[in-house]
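Colleague: The listed protein sequences derive, respectively, from chains A and B. If you count the first sequence from 1, position 20 lands on 20 in this note's numbering, and the numbers rise without skipping. To convert, take the position in the second sequence, counting from 1, and add 148; that gives this note's numbering.
Honestly, I wouldn't trust all of these hints.
In silico lysine-lysine, DSSO-like type, Cα no more than 27 Å apart, as pairs [claimed, not checked]:
# : chain 1 : residue 1 : chain 2 : residue 2
1 : B       : K172      : B       : K232
2 : B       : K255      : A       : K26
3 : B       : K255      : B       : K172
4 : B       : K267      : A       : K26
5 : B       : K232      : B       : K255
6 : B       : K255      : B       : K267
Quick look at which bits of chain A chain B covers, simulated, 3 or more residues with Cβ under 8 Å [said to hold, decoys possible]:
# : segment
7 : 104-116
8 : 128-142
Note that these hints are calculated values from the structure, not bench results. Yeah, the Cβ is synthetic: ideal placement off N, Cα and C, and Gly gets one too.
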Amino acid sequence: MNLENQPCTRAPREWGLDPLFWTSAKLFVGDLHAALPSSSASVFFVGNQHIVRGVEVVGIVVSVDTRSPKMTLYNVDDGTGVVLCVQFVAAEDQPSPALRQAYELGTTVRVEGRLTTFRGVRQVVIRTSTPVAPDQEALGWLERLALR
Amino acid sequence: MDLESGRPVFLEELVQQPAQSVGKTVRVAGTLHAYSPATDRAELVDGQYLLIVDTQLLGVRQYHVGQTYQLIGTIAGVAAGELKPPADLFDDAQYSLDIVLSARVVKAVDGLDMAVYRKAVHAVRQFLESG
């Protein structure tokens, strides 16, 4: 992706001065994979020295993995890439798989969460996820283009 | 699991240049023109362009002819003579018997504004190519 990512030259104690540090940045999945890592495992650099912790992606669920009792793994495809999204299951829901309502394949979802790298793989730890209408995905693409 | 992203494409791009699409993972949208559960074959239409879809990987589900669907899958090359031409063709229909979409994800998207969708795809594509 052509954000021309540059690492931030400011000291970590000044990272909070960047507004994107405190928000969920609306990015393409391709941007998530291209983001530069920092000295912190959950902080990344995008664009002109911007600092990102939280992200929001909109895309289609292309795989669902509910084998683990503690988490549900989704792969979300927005047309620019595929990213792994991890939803940790609440302790009270773990013994009852029926309570875990995973999204179906093909569901268009808006996922908001924390961007991390685990075992070399970029992933989003889901804070909130919402199924949305298919029109919202096209709107999401246009939003992300406008925000660049 | 390494999944390849489905690049949004239009049916006319696949039908007019089938050889260039073989092996690529794509995302298409169109109206269901025909479906045969016996052969796991669906026909997707967008305007005058028709694409043949292999629905074997999609499992058992109900399809409604005339409904709009979005599919993600891989374009597979087909040997000459393997595919039967579509039946009940409309006037000026254009299709290719050299490729078939092996779909792995399907979503009913009735109500999707195709005009806005096309513009959005073109805008994203223009941006990605300018990088």
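Colleague: Each hint: holds or not?
Modeller: Against the structure, the hints:
no. : hint            : result
1   : B:K172 - B:K232 : holds, 23 Å
2   : B:K255 - A:K26  : holds, 24 Å
3   : B:K255 - B:K172 : holds, 20 Å
4   : B:K267 - A:K26  : holds, 20 Å
5   : B:K232 - B:K255 : holds, 26 Å
6   : B:K255 - B:K267 : holds, 20 Å
7   : 104-116         : holds (count 4)
8   : 128-142         : holds (count 7)
When each numbered hint is compared with the structure, no violation occurs for any of them.
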